[in-house]
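With chain F fixed as given, assemble chain X onto it according to the hints.
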Amino acid sequence: MKQLIILLFFSVLLFSCQDKPAPEEEISADSIFLLDSKWQNEEGKELQLRDLKGKNLVVVLIFTSCQTACPMLVADMQNIYAKIDKKKLKETSLVMVTIDPENDTPEVLKEYAKARNIYGEPWIYLRSDKESTRELANVLAVKYKKISPVVFSHSNIITVFNKNGEMVSQAEGTVNASGIAETVNKL
Amino acid sequence: MLEKKEATMNKLLKIFLIAGGFFFLFSCENSSSQQEITSVTEASELVKIQTEVKMIPIKGGKYQPFYGEDSTLVEVNNFLLDERQVTNNEFLEFVKKNPQWKRSNVKAIFADETYLQDWQDDETLPKNANPDAPVTYVSWFAAKAYAKSAGKRLPTLDEWEFVAMADEELANARDKVSYSENIINLYHVKFREKNPVKQSAPNYWGVYNMFDLVWEWTDDFNSIMSTSDSRNGKVDDKGLFCAASATSVTDVLNYAAFMRYAFRSSLKANYTVANLGFRCAKDINQ
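As they're listed, the protein sequences go chains F and X. So the first sequence is numbered by this note's numbering: it starts at 557 and just counts up by one. So the second sequence is numbered by this note's numbering: it starts at 1101 and just counts up by one.
These are calculated hints, taken from the structure and not from any lab test. A portion of the hints provided could be inaccurate.
[To be verified] Taking lysine-lysine pairs in the PhoX-like style, the calculated list, with each CA pair at most 25 Å apart, reads:
1) F:Lys666 <-> F:Lys686
2) X:Lys1248 <-> F:Lys719
3) X:Lys1248 <-> F:Lys594
4) X:Lys1207 <-> F:Lys611
5) X:Lys1207 <-> F:Lys686
Predicted, not measured: the structure shown is a model, and the values here were computed from it.
If we strip away everything but chain F, and leave its shape as in the complex, we get (with noise of 0.2 Å):
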């Protein structure tokens, strides 16, 4: 009896052992969410990178005021999103990411998503300083220039995180969304 209780006892602390490291470990050396950047979704709540854990994450960078690519990488974000299957998009965020912080504020993101019927999940807008937005389009190795007050120019990437934001793939330039779609659903 005494012995069953030791057991008991030992085997508590074994999985107690094996519970605290767990969540650490699945932050990779080459994970997203490894960035320490503040950001602010479209309802202007406050979150970071790693909080986006857990689903599989497919991002683009834009901003609300643009005339010409962005509408064309917007409808691909949409065409992808229709492409994924219905129970992978359950653990699939489609996240747009502006590198014009200063224009598109929470309430210009969320009104940009109800205006074009892509607001809700799996969508989500981010938003964050100069600084944090040029480290994550590092990250991603998109390039941007603030031409004037109101237009950017920057290169039109697609860029595919696994759960544990890992870059599975990136597309550039005219993009095949079935491609991305299928990526997606293979993860």
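Positioned in the frame of chain F, the structure of chain X alone reads:
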């Protein structure tokens, strides 16, 4: 007899279990201390460092970037710039205080596999390296972290280029034929990145080594690209050429600047390169 044996067995089992328990306890402690280290790294909290380097006040103004919208002048505000690059020795002090930036600890997303690759170990500079030579094989993230821990920042591309217009006599020497020639000639010198800082003459501002040792990270190096939204994406080399020909004749002759821009546009933030270092800057009203 049999009972006695059973009793000893029980004792042995207990000892075994207790010893095992201790082992678990210890392994628990280990993992929790490791966990602390990871979380410190993740928070990327930086320990402050003291730097001796002199900062030079730069009087800003409008300038014509080598590459950008046609004839668009860019305004550069007054700012402070380190008179020279960050040296091997200074970077060593930085990693000693900020172990998350040691070679064996750095995360792949922040620095690629050649980070500080010529160092002998985490805290030993390369063999025969001059401690006062500019540190190289550092990523943009590492440079940024260093600057932050020194209470500074990286210069913007425009700030750097603004100061780079100077030769020894003029704040803007771009019109001189010798300006570009001198820089290009420097590019022929082999292993110039191994030389210590401040051995050559300072420029008009009193800033050293803008061209003769290494290329330098700028905060927004990733802003170089064609000036139009191009659906074909990529860093548009064609755009780079087009824009160059659209700017003034002097700039087309400024082959050195073209090389710098082309080099910057080929970089990613976690790249580390043998002849790429950095210096820090600061806003002037701090």
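Structure-based check of each hint:
no. : hint                   : in the structure
1   : F:Lys666 <-> F:Lys686  : holds, 20 Å
2   : X:Lys1248 <-> F:Lys719 : violated, 30 Å
3   : X:Lys1248 <-> F:Lys594 : holds, 17 Å
4   : X:Lys1207 <-> F:Lys611 : holds, 22 Å
5   : X:Lys1207 <-> F:Lys686 : holds, 23 Å
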